[in-house]
Amino acid sequence: MDIKEYISSGNLESYVLGLASEKERQEIELLAAKHAEIRDEIAAIEISMEQYAHAHSQTPPSALKQKIWSAIESENKSETGKPAVAKVIQMAAPAPQSSYSKWLAAASIALLVGSSLLNLFLFNQWTSAREELAQANAAQDVLAQQFEAQQTQFAQTQQEFAFMTQPTTKAVALKGVPAFPEALATVYWNSTSQDVYIKVNNLPTPPSDKQYQLWAIVDGQPVNAGVFDARDNTASMQKMKNFGSAQAFAVTLEQRGGSVAPTMEAMYVIGTI
Amino acid sequence: MSPALKYTEAELVELLKHKSEEAFGALYDNYSAALFGIVKRIIGDEDAAQDVLQDGFVKIWKNIERYDSDKGTLFTWMLNIVRNKAIDATRSKHYKHQIRLDDSIVDKGDDRQVTQNEEHIGIKEAVRSLKPEHKEVLEVIYFGGYTQEEASKKLDMPLGTLKTRARAAIKNLRELLKDKVSEQ
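Protein chains in written order, with our numbering: chain H, 1 to 273; chain Y, 1 to 184.
No wet-lab data here; the hints were simulated from the structure.
Predicted, not measured: the structure shown is a model, and the values here were computed from it.
The calculated label-pair distances, taken between Cβ atoms and stated as ranges, are:
1) 45(Y) to 39(H): 34 to 40 Å
2) 154(Y) to 24(H): 15 to 21 Å
3) 73(H) to 175(Y): 42 to 48 Å
4) 106(H) to 88(Y): 28 to 34 Å
5) 29(Y) to 26(H): 30 to 36 Å
6) 131(Y) to 5(H): 21 to 27 Å
7) 8(H) to 25(Y): 37 to 43 Å
8) 110(H) to 45(Y): 43 to 49 Å
9) 133(Y) to 106(H): 54 to 60 Å
10) 2(H) to 133(Y): 23 to 29 Å
C-beta atoms are modelled at their ideal positions from N, C-alpha and C, and glycine is treated no differently.
Model the full assembly from the supplied sequences, consistent with the hints where possible.
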């Protein structure tokens, strides 16, 4: 900023004459703090205006001096002693505004109460919406799990169906022996791939320490074809061990894990190819 | 600056902070006439002007700690307080808010109400020698108690012109005062 130009702008004169706006006043005080030239110029203007004021002076009545001093003294007393009377007057004075203020206060309280009620209402809405969303999410999870299970089962069924419908797959019905006339199972055996599946149609649920064991009768000798749990899923087929050509199949109930040789008394079903 | 001062401004400010009656007396004696001259011109009414001067001095007394000599002279600070009181009074009590040019010593040469201080005579002469347009602008601004906009309306000149005129008036005044001082 060009200081000389600022000095000649007339702003400093306005400032000393009390014409400057609050913004200008602050600006000038900042500039004066920074620049000695501006400070000096302001001082020179102030001194000349003070002299100008003295030239226009009028002596007030001599009694005024004592009157003002008394006013100052009583002001001092009221400040240090009991509460000022003036303060009481000040509180009562703004009567014209009070009705407006009351309305304003009443309106503020009404707004506050209204806003609080609205907040409470919205909070409740939010809480219940949140609960509903959580429930919906849980329900969706259950459905997704069910859907996944259905898909797995469907894929399995498709696989089983494809296997069963191959021309080289044979279905062998294993019927109940006289001791268990209701028992029934089916063995699917593919002569090309040698894959063997068993489908439990009706077998009693075994005790937990026992498992059913499938035997292939090859050249008159029983060959272990694996164990299975009838309790698992009676709708689905279970893949068993592969073996060469067989003449018959039988299922016995054995110790969990299977046996080396079949327990003939515990034979449930048998079927020949 | 003024030979009538018993104290320098700095001494006076220091004294005022002790809040003695002597300090008040010194302050009053030095500045009451200059301040009253301005208040009287803003308000017009003698009794109301005395009330304003009283309120002004009470406020000055209470706020003396706030006076910052870095920001200007004691007189300018006091004048701002008193002038604001006077403006408030004209606005709240519906005094005629107009500058009374007819009261001015400059125009009438009427010294009856004016303090007869020897050291002020030279200054008065200097003020009398001001150009009329400079007198007018200073009277309206200094004794009017207006905002920039009001003063600009009152004198019927744009704000820029008002500022330039005020600057020229004060410059003129400064030169005249300097001449008076060098003459003495």
